[in-house]
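S.K.: Sequence:
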Amino acid sequence: MSLKSSLMRYVEDNRLQSFNAHDDKKATLYLAKGQRIDIYMATQYIIGEADVAEAKEDPPAEYLVYNTWDSVSDRAKDAAKRTGLEIYTFGGFGNLLDRLNANQ
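Numbers given in the numbering used here equal positions in the sequence shown, counted from 1, plus 16.
Hints are supplied without guarantee of correctness; some may be wrong.
[Stated by the list, open to error] Only pairs whose alpha carbons sit at most 25 Å apart, straight line, appear in this in silico DMTMM-like list of lysine to aspartate or glutamate:
1) K42 with D54
2) K49 with E70
3) K72 with D86
4) K41 with E70
5) K49 with D94
6) K41 with D94
7) K97 with E73
8) K93 with D29
9) K42 with E73
10) K42 with D74
11) K93 with D39
12) K42 with E70
13) K49 with D86
14) K97 with D74
15) K49 with D29
16) K97 with D86
17) K72 with D90
18) K49 with D90
19) K97 with D40
Everything labelled a hint here was simulated from the structure, so no lab data went into it.
Sequences and hints are given; from them, build the entire structure.
M.R.: Encoded structure:
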């Protein structure tokens, strides 16, 4: 699943107002009431520390999102915790968007 097609689905579901894809892994998302968040989509079957490091490069992502059939290594989880990067599956990220939109 590509980042752009996944984000288009969130727009169609009214979870996002719009987004700006920086490349095939990073995007800035704009929620309905103007809140802005940056995400990184991992594309490896096993998400590792290198993905976390790439996610934190400029512009630094607040969230790392991955497909449910992939897995996140313990070292990546530790690195994400140290850097403040939150990790979500796409389904979990959709739920987060719902909560963020409700709290705006």
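S.K.: Run every hint past the structure and note whether it holds.
M.R.: Hint check:
| no. | hint | result |
| --- | --- | --- |
| 1 | K42 with D54 | holds (7 Å) |
| 2 | K49 with E70 | violated (28 Å) |
| 3 | K72 with D86 | holds (20 Å) |
| 4 | K41 with E70 | holds (9 Å) |
| 5 | K49 with D94 | violated (33 Å) |
| 6 | K41 with D94 | holds (21 Å) |
| 7 | K97 with E73 | holds (16 Å) |
| 8 | K93 with D29 | violated (29 Å) |
| 9 | K42 with E73 | holds (10 Å) |
| 10 | K42 with D74 | holds (10 Å) |
| 11 | K93 with D39 | holds (23 Å) |
| 12 | K42 with E70 | holds (10 Å) |
| 13 | K49 with D86 | violated (32 Å) |
| 14 | K97 with D74 | holds (18 Å) |
| 15 | K49 with D29 | holds (15 Å) |
| 16 | K97 with D86 | holds (19 Å) |
| 17 | K72 with D90 | holds (18 Å) |
| 18 | K49 with D90 | violated (35 Å) |
| 19 | K97 with D40 | holds (24 Å) |
The structure fails hints 2, 5, 8, 13, 18 (numbered hints given earlier, in ascending order).
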